[in-house]
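Protein chains: 2
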Amino acid sequence: MEVKTLKDLVRFDPEKKQKIAVFDSPQMYYDLYTLMPGQLQKPFVFKKADKIIYLLEGKLQVTIAGETATLEPGQAVRVPAGAVNSMKNEGPENVVALVVVAPHPECAERKKRREQAEMG
Amino acid sequence: MEVKTLKDLVRFDPEKKQKIAVFDSPQMYYDLYTLMPGQLQKPFVFKKADKIIYLLEGKLQVTIAGETATLEPGQAVRVPAGAVNSMKNEGPENVVALVVVAPHPECAERKKRREQAEMG
Numbered sequence: 003m004e005v006k007t008l009k010d011l012v013r014f015d016p017e018k019k020q021k022i023a024v025f026d027s028p029q030m031y032y033d034l035y036t037l038m039p040g041q042l043q044k045p046f047v048f049k050k051a052d053k054i055i056y057l058l059e060g061k062l063q064v065t066i067a068g069e070t071a072t073l074e075p076g077q078a079v080r081v082p083a084g085a086v087n088s089m090k091n092e093g094p095e096n097v098v099a100l101v102v103v104a105p106h107p108e109c110a111e112r113k114k115r116r117e118q119a120e121m122g
Numbered sequence: 003m004e005v006k007t008l009k010d011l012v013r014f015d016p017e018k019k020q021k022i023a024v025f026d027s028p029q030m031y032y033d034l035y036t037l038m039p040g041q042l043q044k045p046f047v048f049k050k051a052d053k054i055i056y057l058l059e060g061k062l063q064v065t066i067a068g069e070t071a072t073l074e075p076g077q078a079v080r081v082p083a084g085a086v087n088s089m090k091n092e093g094p095e096n097v098v099a100l101v102v103v104a105p106h107p108e109c110a111e112r113k114k115r116r117e118q119a120e121m122g
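For the record, the sequence lines run as chains A and B. Residue 85 in the working numbering sits at position 83 of the first sequence; the count goes up by one each step and never skips. Residue 65 in the working numbering sits at position 63 of the second sequence; the count goes up by one each step and never skips.
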């Protein structure tokens, strides 16, 4: 049985945001994101997968489809598939967030290619 | 943008464990489970979906494929697709857990039926 203590996995890098896999699941990403003050994730989109961000520590500014909110610890937000999203730590504290993406983006990509092959 | 404060959603029922949807995602279940002392989830299996349990409050006894562990707050465990699993709050505190299941079990079920139809 794979029991993980999330805080033991936390690490920060002054160079850039860290994405730390908690579990290696074939069905989803289940990751910790860590951002030091000023660090960010640039605008990004998963075409087929939903992403849910749950904030554990710090304050995190999230922009989804042009709308911006600042998450507090204990708050979560859903990024629907297809929505452009970005995040930034406006500081002063470090940020730790639990980020789930499903279905696993690589699986969605394989499924898309298979569907295109079937249609083509 | 759907920002949710998870603790505002928490409720307990002396009759049985509660399963509280945080988001209505087509891609996954993203739920709070709440268990008062003595409450449990009976052995259960998702054939196609992974489940990840992250404990927020209390102590939770989890059994996966015959192996048992007690989670503390901040710990998480993965239940691979196909593994029989159950949980119990041995008390004395209330339990709040964040439970993610992906892909969405109903989608997996539809996919399975489609695959069976294609093979049949």
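For the record, the hints were derived by calculation from the structure and aren't laboratory data. For glycine and all other residues, C-beta sits at the position ideal for the given N, C-alpha and C. Heads up, some of the hints might be wrong.
[What the hints assert, rightly or not] Calculated lysine to aspartate or glutamate pairs in the DMTMM-like style (CA-CA distance at most 20 Å, straight line):
{"id": "1", "chain 1": "B", "residue 1": "Lys19", "chain 2": "B", "residue 2": "Glu4"}
{"id": "2", "chain 1": "B", "residue 1": "Lys61", "chain 2": "B", "residue 2": "Asp15"}
{"id": "3", "chain 1": "B", "residue 1": "Lys6", "chain 2": "A", "residue 2": "Asp26"}
{"id": "4", "chain 1": "A", "residue 1": "Lys50", "chain 2": "B", "residue 2": "Asp26"}
{"id": "5", "chain 1": "A", "residue 1": "Lys61", "chain 2": "B", "residue 2": "Glu74"}
{"id": "6", "chain 1": "B", "residue 1": "Lys61", "chain 2": "A", "residue 2": "Glu4"}
{"id": "7", "chain 1": "B", "residue 1": "Lys61", "chain 2": "B", "residue 2": "Asp26"}
{"id": "8", "chain 1": "B", "residue 1": "Lys90", "chain 2": "B", "residue 2": "Glu74"}
{"id": "9", "chain 1": "A", "residue 1": "Lys90", "chain 2": "B", "residue 2": "Glu4"}
{"id": "10", "chain 1": "B", "residue 1": "Lys44", "chain 2": "B", "residue 2": "Asp15"}
{"id": "11", "chain 1": "B", "residue 1": "Lys90", "chain 2": "A", "residue 2": "Glu4"}
{"id": "12", "chain 1": "A", "residue 1": "Lys9", "chain 2": "B", "residue 2": "Glu59"}
{"id": "13", "chain 1": "B", "residue 1": "Lys9", "chain 2": "B", "residue 2": "Asp33"}
{"id": "14", "chain 1": "B", "residue 1": "Lys50", "chain 2": "A", "residue 2": "Glu69"}
{"id": "15", "chain 1": "B", "residue 1": "Lys9", "chain 2": "A", "residue 2": "Asp26"}
{"id": "16", "chain 1": "B", "residue 1": "Lys44", "chain 2": "B", "residue 2": "Glu92"}
{"id": "17", "chain 1": "B", "residue 1": "Lys61", "chain 2": "B", "residue 2": "Glu4"}
{"id": "18", "chain 1": "A", "residue 1": "Lys61", "chain 2": "B", "residue 2": "Asp15"}
{"id": "19", "chain 1": "B", "residue 1": "Lys49", "chain 2": "A", "residue 2": "Asp26"}
{"id": "20", "chain 1": "B", "residue 1": "Lys49", "chain 2": "B", "residue 2": "Asp33"}
{"id": "21", "chain 1": "A", "residue 1": "Lys49", "chain 2": "B", "residue 2": "Asp26"}
{"id": "22", "chain 1": "B", "residue 1": "Lys49", "chain 2": "A", "residue 2": "Glu92"}
{"id": "23", "chain 1": "A", "residue 1": "Lys9", "chain 2": "B", "residue 2": "Asp10"}
{"id": "24", "chain 1": "A", "residue 1": "Lys6", "chain 2": "B", "residue 2": "Glu74"}
{"id": "25", "chain 1": "A", "residue 1": "Lys61", "chain 2": "A", "residue 2": "Asp26"}
{"id": "26", "chain 1": "A", "residue 1": "Lys21", "chain 2": "A", "residue 2": "Glu69"}
[Claimed, not checked] DEER-style ranges, computed between Cβ atoms:
{"id": "27", "chain 1": "B", "residue 1": "Pro75", "chain 2": "A", "residue 2": "Lys21", "range": "19 to 27 Å"}
{"id": "28", "chain 1": "A", "residue 1": "Glu95", "chain 2": "B", "residue 2": "Met3", "range": "19 to 27 Å"}
{"id": "29", "chain 1": "A", "residue 1": "Glu69", "chain 2": "B", "residue 2": "Ala23", "range": "19 to 27 Å"}
{"id": "30", "chain 1": "A", "residue 1": "Lys61", "chain 2": "B", "residue 2": "Ile22", "range": "41 to 49 Å"}
{"id": "31", "chain 1": "A", "residue 1": "Lys18", "chain 2": "B", "residue 2": "Ala119", "range": "31 to 39 Å"}
{"id": "32", "chain 1": "A", "residue 1": "Ser88", "chain 2": "B", "residue 2": "Leu42", "range": "24 to 32 Å"}
{"id": "33", "chain 1": "B", "residue 1": "Gly40", "chain 2": "A", "residue 2": "Pro107", "range": "20 to 28 Å"}
Hint-by-hint comparison with the structure:
Distance check on the hinted pair: lysine 19/B and glutamate 4/B sit about 25 Å apart at the alpha-carbon level, beyond 20 Å; violated. This hinted pair checks out: lysine 61/B and aspartate 15/B have alpha carbons roughly 18 Å apart, not beyond 20 Å. Of the pairs offered as hints, the one joining lysine 6/B and aspartate 26/A is violated, with about 27 Å between alpha carbons and a cut-off of 20 Å exceeded. Distance hint between lysine 50/A and aspartate 26/B is fulfilled; the C-alpha atoms sit about 16 Å from each other, no more than 20 Å.
Restraint check: the Cα-Cα separation between lysine 61/A and glutamate 74/B comes to about 24 Å, which exceeds 20 Å; the hinted pair is violated. The straight-line distance between the Cα atoms of lysine 61/B and glutamate 4/A is roughly 17 Å, inside the 20 Å bound, and the hint therefore holds. Distance restraint check for lysine 61/B and aspartate 26/B: the Cα-Cα separation of roughly 27 Å exceeds the 20 Å cut-off, and the hinted pair is therefore not satisfied. The straight-line distance between the Cα atoms of lysine 90/B and glutamate 74/B is roughly 13 Å, inside the 20 Å bound, and the hint therefore holds.
Pair hint lysine 90/A plus glutamate 4/B holds up; C-alpha atoms about 18 Å apart against a cutoff of 20 Å. Restraint check: the Cα-Cα separation between lysine 44/B and aspartate 15/B comes to about 17 Å, which is no more than 20 Å; the hinted pair holds. For a cut-off of 20 Å, the pair hint linking lysine 90/B to glutamate 4/A stands: about 18 Å separates their Cα positions. Restraint check: the Cα-Cα separation between lysine 9/A and glutamate 59/B comes to about 15 Å, which is no more than 20 Å; the hinted pair holds.
For the proposed pair lysine 9/B and aspartate 33/B, the alpha carbon gap of about 12 Å is at most 20 Å, so the pair holds. Only pairs whose Cα atoms come within 20 Å are accepted, and lysine 50/B paired with glutamate 69/A is rejected, the gap being roughly 35 Å. In summary, the hint linking lysine 9/B to aspartate 26/A is not supported, as the alpha carbons are separated by about 28 Å, beyond the 20 Å threshold. Distance check on the hinted pair: lysine 44/B and glutamate 92/B sit about 14 Å apart at the alpha-carbon level, within 20 Å; holds.
Among the hinted pairs, lysine 61/B with glutamate 4/B is inconsistent with the structure: their alpha-carbon atoms are about 29 Å apart, more than 20 Å. With a C-alpha separation of about 32 Å, the suggested pairing of lysine 61/A with aspartate 15/B is violated against the 20 Å cut-off. Distance restraint check for lysine 49/B and aspartate 26/A: the Cα-Cα separation of roughly 18 Å lies within the 20 Å cut-off, and the hinted pair is therefore satisfied. With a CA separation close to 19 Å, the supplied pair lysine 49/B and aspartate 33/B stays within the 20 Å bound.
With a CA separation close to 18 Å, the supplied pair lysine 49/A and aspartate 26/B stays within the 20 Å bound. Between lysine 49/B and glutamate 92/A the alpha-carbon distance is near 42 Å, which puts this suggested pair outside the 20 Å criterion. Pair hint lysine 9/A plus aspartate 10/B does not hold up; C-alpha atoms about 24 Å apart against a cutoff of 20 Å. Proximity of lysine 6/A to glutamate 74/B is assessed by CA-CA distance (about 10 Å); at most 20 Å being required, the pair is judged to hold.
As the CA atoms of lysine 61/A and aspartate 26/A are separated by approximately 27 Å, the hinted pair breaks the 20 Å bound. Restraint check for lysine 21/A and glutamate 69/A: not satisfied, since their Cα atoms lie roughly 23 Å apart, outside the 20 Å limit. The hinted window of 19 to 27 Å between proline 75/B and lysine 21/A holds, with their beta carbons roughly 23 Å apart. The given range of 19 to 27 Å is respected by glutamate 95/A and methionine 3/B, whose C-beta atoms sit roughly 22 Å from each other.
Checked against the hint of 19 to 27 Å, the C-beta distance between glutamate 69/A and alanine 23/B comes to roughly 22 Å, which is consistent with it. Checked against the hint of 41 to 49 Å, the pair lysine 61/A and isoleucine 22/B fails, with Cβ atoms roughly 25 Å apart. As the Cβ distance of lysine 18/A to alanine 119/B is approximately 47 Å, the hint placing it in 31 to 39 Å is violated. Serine 88/A and leucine 42/B have their C-beta atoms about 42 Å apart, which leaves the hinted 24 to 32 Å range violated.
Between glycine 40/B and proline 107/A the beta carbons are some 40 Å apart, a value that contradicts the proposed interval 20 to 28 Å.
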